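Those protein sequence lines, which keep their order, are chains H and Y.
Per my numbering, the first sequence starts with residue 1, numbered consecutively.
Per my numbering, the second sequence starts with residue 1, numbered consecutively.
Reference listing, derived: stretches of chain Y covered by chain H, where coverage requires no fewer than 3 residues with Cβ under 8 Å from a Cβ of chain H:
| # | stretch |
| --- | --- |
| 1 | 66-78 |
| 2 | 94-102 |
| 3 | 107-116 |
| 4 | 119-125 |
Counterexamples of contact, computed for chain H against chain Y with all Cβ distances above 10 Å:
| # | residue |
| --- | --- |
| 5 | F9 |
| 6 | K17 |
| 7 | P43 |
| 8 | D75 |
| 9 | D172 |
| 10 | P189 |
| 11 | A242 |
| 12 | R245 |
Label pairs and their in silico Cβ distance ranges:
| # | chain 1 | residue 1 | chain 2 | residue 2 | range |
| --- | --- | --- | --- | --- | --- |
| 13 | Y | D68 | H | R223 | 33 to 43 Å |
| 14 | H | E140 | Y | R189 | 30 to 40 Å |
| 15 | Y | A136 | H | R22 | 52 to 62 Å |
| 16 | Y | L98 | H | R116 | 47 to 57 Å |
| 17 | H | R113 | Y | G66 | 58 to 68 Å |
Derived from the structure by calculation, the hints contain no laboratory data.
From a predicted model like this one, the values you see are computed outputs, not experimental measurements.
Built from N, CA and C at the ideal position, the CB exists for glycine as well.
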Amino acid sequence: MNMMDGYNFAYLDEATKRMIRRAILKAVAIPGHQIPFGAREMPLPYGWGTGGIQVTASILGPGDTLKVIDQGSDDTTNAISIRRFFTRVAGVATTERTAEASIIQTRHRIPERPLREDQILVYQVPQPEPLYRLEPRRAETKRLHALADYGLMHVRLYEDIARLGHIAKAYDYPVMVNGRYLMSPSPIPAFDNPKMDRMPALQLFGAGREKRIYAIPPYTEVRSLDFEDHPFRPIRAPAACALCRSTDTYLDEVITDDAGGRMFVCSDTDFCAERRAAAAPQEAAE
Amino acid sequence: MSTTLLEAQGLTLRFGAIPALLDVSLDIAEGEVVAIVGESGSGKTTLLRVLSGLLHPDAGSVRWLGEDVHAMGEAARRRLMRTAWGFVHQNPRDGLRLDVSAGGNVGERLMAVGARHYGRIRAEALAWLAKVEIDAARIDDLPRTFSGGMQQRLQIARTLVTRPRLVFMDEPTGGLDVSVQARLLDLIRSLARELGLAVLIVTHDIAAARLLADRILVMWRGRVVEQGLTDRVLDDPQHPYTQLLVSSVLAA
Chain H
1 MNMMDGYNFA
11 YLDEATKRMI
21 RRAILKAVAI
31 PGHQIPFGAR
41 EMPLPYGWGT
51 GGIQVTASIL
61 GPGDTLKVID
71 QGSDDTTNAI
81 SIRRFFTRVA
91 GVATTERTAE
101 ASIIQTRHRI
111 PERPLREDQI
121 LVYQVPQPEP
131 LYRLEPRRAE
141 TKRLHALADY
151 GLMHVRLYED
161 IARLGHIAKA
171 YDYPVMVNGR
181 YLMSPSPIPA
191 FDNPKMDRMP
201 ALQLFGAGRE
211 KRIYAIPPYT
221 EVRSLDFEDH
231 PFRPIRAPAA
241 CALCRSTDTY
251 LDEVITDDAG
261 GRMFVCSDTD
271 FCAERRAAAA
281 PQEAAE
Chain Y
1 MSTTLLEAQG
11 LTLRFGAIPA
21 LLDVSLDIAE
31 GEVVAIVGES
41 GSGKTTLLRV
51 LSGLLHPDAG
61 SVRWLGEDVH
71 AMGEAARRRL
81 MRTAWGFVHQ
91 NPRDGLRLDV
101 SAGGNVGERL
111 MAVGARHYGR
121 IRAEALAWLA
131 KVEIDAARID
141 DLPRTFSGGM
151 QQRLQIARTL
161 VTRPRLVFMD
171 EPTGGLDVSV
181 QARLLDLIRS
191 LARELGLAVL
201 IVTHDIAAAR
211 LLADRILVMW
221 RGRVVEQGLT
231 DRVLDDPQHP
241 YTQLLVSSVL
251 AA
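Model the full assembly from the supplied sequences, consistent with the hints where possible.
Written as structure tokens, this is what we have:
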């Protein structure tokens, strides 16, 4: 093993991991409910994934294969740094392929490839409280959750339709979990919301600065809030991926020069690469 | 025969050594308008807060259709607050969401009780703005751009949209000029009659009480010193404090 001297396996000490696992168990028992936990200082700044990294550290075993994505991509600074961190402090195998990973830590995306029962998806959450912008008092939002008093969130959606003609929230789109708790899905695009519904994989959410953990157990109902006459719509750029020609994946807009040139490519780099690899032999044959 | 909605028995509440309420009892029936009058510090607002379950009394009980308001859980009390009850605050800024449009303000209670059809919520909001004489064109404007009188009327629309059976009003005409007050009182009176609302209104304005109320309770130093039909109490006051109160009204 390639563990650094003086560090426990996966960086956190065992007592901390047990504390976090207890929070995770509670979170799984009450889908969508935010569980407070004693978040530790981690060797990266708040907002870079301190919550997700602690959840990952607590559930990681030597046999796991870890994938880390940031904005759908495996090769951005944040994703590479976290992957390298766990290689050094836990010596686990890492991968960029969704199919091969047992734990996937993510920021801003859910992989396009459907996840399986033997996989765990860990989200990095900046703000776990969905009512945060509507009700500034944390004590009051706790009471609203306790009483399932979520009219306020619908008022916000009503305001969007009244002013703009449609619900304008394109990311961090609020969901009801198991018909009971209103939950922030972290800043994933609304396009990814339907993937959370009855997902076979366990979904864990860690917010380090806000010291909250919450979870969606496998096959749990997750419904995006909407109105009967203004149903939820997953939004994507109306284009095809410039690399793999996919028309049903979430796209990033990439500026290619200073003359207004731009292209749309899949935000999920692994999915895009796999599609291109699968298409290559056919093109060669043509 | 109308049913008794709210029934209070022997309410007593002290803030330290200061008695805010001393053995106050009252009841209010379906469709009845009851005014509580008295000087500042006489316990009017405290009484309203105890009756609506916001404050716990030291002694006594409040029953809503026979059920003890202070014994029910917070969830049940909140449900009551947004369905069968309404609360109109003295300052409309306490009762409105100032960063939400007029339509959103009116729709909030509907959405809180489960309305999920945008078109119907909006139609209901428009109907209620018309009832309280606010121009339909202002449905998407923020209440902070409204005048004081309009804000108060918006608060009334927002409260009545779920058709409560009992509305608590705490000095609804406070801080408004007299012509605006007159229109507001007229509005409250016609809505109360039209909807068969029971209203418990706290005011220090004797003229408002005379205009609106069927019955009147006079409070003084935490006690109800006199109560009865409005014209009986105001035209033939028995208690020295009531006599003082009635004789203090300025005639224009």
